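**Student:** Read off the chains here:
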Amino acid sequence: MKINTSAVAGTLESSDVYVKVEPCETLEIEIESVVYNQFAEQIEATIKAVLAELGVESGKVSVNDKGAIDCVIQARVETAVKRAGGEK
Amino acid sequence: MSKLVNSIKEAVQKVGLKDGMTISFHHHMRNGDFVLNMVLEAIAELGYKDLTVNASSVFDVHEPIIGHVKNGVVTGIECNYMGGKVGKAICEGLMEKPVIFRTHGGRPSDMEKGTSHIDVAFIAAPTADDMGNCTGKYGKSACGSMGYAFADAMNADKVVVITDNLVPHPLVDFSISEIYVDYVVEVDQIGNPAGIVSGTTKITRDPVGLKMADYAAKVIEASGLLKDGFSFQTGAGGATLATAKYVQDIMLAKGIKGSYGMGGITKYMVEMLNNGCFQALLDVQCFDLDAVQSIRENPKHMEVTATHYAGVSGKSAAVDNLDVVLLGATQVDLDFGVNVHTDSNGYIMGGSGGHSDTAAGAKLTMIIAPLIRARLPLVVEKCLCTSTPGSTVDVVVTQRGIAVNTKYGKNQELKEALKKAKLPVVEIEDLKRMAEEIAGTPKPVQLTDKVVAHVMYRDGTLLDTIKAVK
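Just so you know, the protein sequences line up as chains A and B, in that order. When we follow this note's numbering, the leftmost residue of the first sequence carries the number 649, and every step to the right adds one. When we follow this note's numbering, the leftmost residue of the second sequence carries the number 12, and every step to the right adds one.
In case anyone wonders, no lab produced these hints; they're calculated from the structure. Please note that a few of the clues may not be correct.
[Claimed, not checked] Label pairs and their computed distance ranges (CB to CB):
1. Ala432(B) with Ala723(A): 36 to 42 Å
2. Arg307(B) with Ala693(A): 54 to 60 Å
3. Lys696(A) with Pro218(B): 20 to 26 Å
4. Ser706(A) with Lys81(B): 43 to 49 Å
5. Lys650(A) with Leu300(B): 57 to 63 Å
6. Glu673(A) with Gly95(B): 53 to 59 Å
Remember, predicted model here, so these are calculated numbers, not experimental data. No residue lacks a Cβ here, since even glycine has one placed at the ideal position from N, Cα and C.
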C-alpha cells in the first residue's frame, strides 16, 4: 500500500496512541512514548510488523504513545495507513 | 501586649533566624498555599543561606523552591510528600544533600523525640488573633483541620503565625494556642482555598475503577470487620471514594453503626457521618471544602493532631484502632511492598503521607489499583522504592483479581473467607503474569548510584533510598 496523503488515527488519551502518517521518500518511524524507557523497542517492532503486512515501503510514521498495548498500536497504525492510502 | 509585627521580614529578623537553621511549614492549603513561597522569598531577599525546609508536604505550587536551592538559600528539604514538579528536579540531581522523606506520623514523632529539630515554624493560619491563637476553620482561606501544624507549633524554638484574617483577641474556638506563638504577621492572602481540592477527589466513573471498588467493598464485607464499631480510612483517589460509597450502601442497608472515619476527609466521609455510619470523624486535613464546612459546624467532626492520628511518640494513636484502610500504589512487588514515592520511571511524584502509618495500624490494609496503568503492570518483581513494607499489607485488589498476603504467616482465614464469598482470589505472582501477558514485560529502569532521597519509616529508621534517574 502507498501513502498518498497524510492521515491520523487514535487519541492522546491514557492507554491510547496517536498515529500520524505522511508521504515520504524513505521509511521513517518517530516514536514518542510515556513508556519509552520500558517499551520503545517493542513499539517500533510492532509498527514495523504492521507496515510490512500492509506492504508499506515508504512514508513517515510518527506516534505519540500514551501507554497503548500492542493490539491498540496495531489497530491505530493500520487505520492511519489505510486512511493515507485512500481507503475509506 | 500584642505579638503583631509588620511583615514576614520583620518576623524573620525578630526570631533570630541564622544561616544553617531549619524552618518548617504545614500543607493544609495544599496546592493553594502561598505561605511557603512568601517566606522563602523574604528570607532570600534578606540574604540568608544554607537553610533546611521541613514542610509536611511540597506541592507543585512550591516550584519556586527549586530556584532557592540553586541560589544556595535552601540546601535541605524534608517532607512527607513531594509533587512531581519538584520531585523531577530532585531526581535529576538538584541537591547535594538527599531529601528526607518521613510519614505523617513519623514527622511529628521525630520532632517530639528530638531527632528532628525545628528552629522556626511558620504557620499558615486562616484565622488568628494578635496573640497567636489560630484556627483553620474560619476565614476566607479556611482549610479546616490544621492537624499537621500542631507538632511544629509545640516543638519549634520559635513560631510565627501568618494569617489573612486577623480577629480581636481572644479567638473563639482556636486550634493552636498562643502559648506556643512568638509573632503574628498579617498578609493579604495566605493561599487560594480552591487549591485545597486535590484533582482526584471525585468518585470515578471509569468502569475499571468501579469494578475495583466493587471488589474492594466485597472484600471488606467478607472480612467480617464490617459490623457495629467499624473504623475506616480511605484516601482521595477515584476508586477508593467509589469503594467508600459502596461501603456506605452496605452499612445503611444492614443498619451498621461504625465508630470513626479518619484521614484526609472528603465530602463522601462527611456524608457517611451525616447518614449515621460513624459516631465521629477524626480529621487531620480536609481534602475539599465540604469537609471544611463540616469540621466548622459539626462537633462530631473533630480535628486531630498528626501525632494523635498516626504518631509513634504518643501512648497511642488513632491508626492503632483502624479496622480497614484503603490505599493506592504506583507499584506493588511480589513481597507486597508498596511504592507511592516514585513513578515507573523512577521520578519522585508522591510520598508516604499516612500510607505506611495506617498500613501498620489497620487490621485490614487494602491496596486498590488497576492491574495495568498506561501499559505498566502494577505488580513488579521489586518496587523502585519501598514506601510501605509488605509485612503491613494484607490485600491487593485489582479489576482482574485479588491477591491476599499470606507470606508472613497471616491472613489464611481471610483468604478462605474471600474464596467463600466467590471473589476472584489469585496469587500476587498471577497479577504480575496476567499484566505482562497483556502489556508485555517492561525493561528495567536505569538509575544512577547517586542517592537523592532517604525514605524514613515511621519509627525513624531508614526504610529505603531513592536514586537519581539516568
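**Student:** Would you list, in rising numerical order, the hints stated earlier that this structure does not obey?
**Tutor:** Result: hints 3, 6 break, sorted rising.
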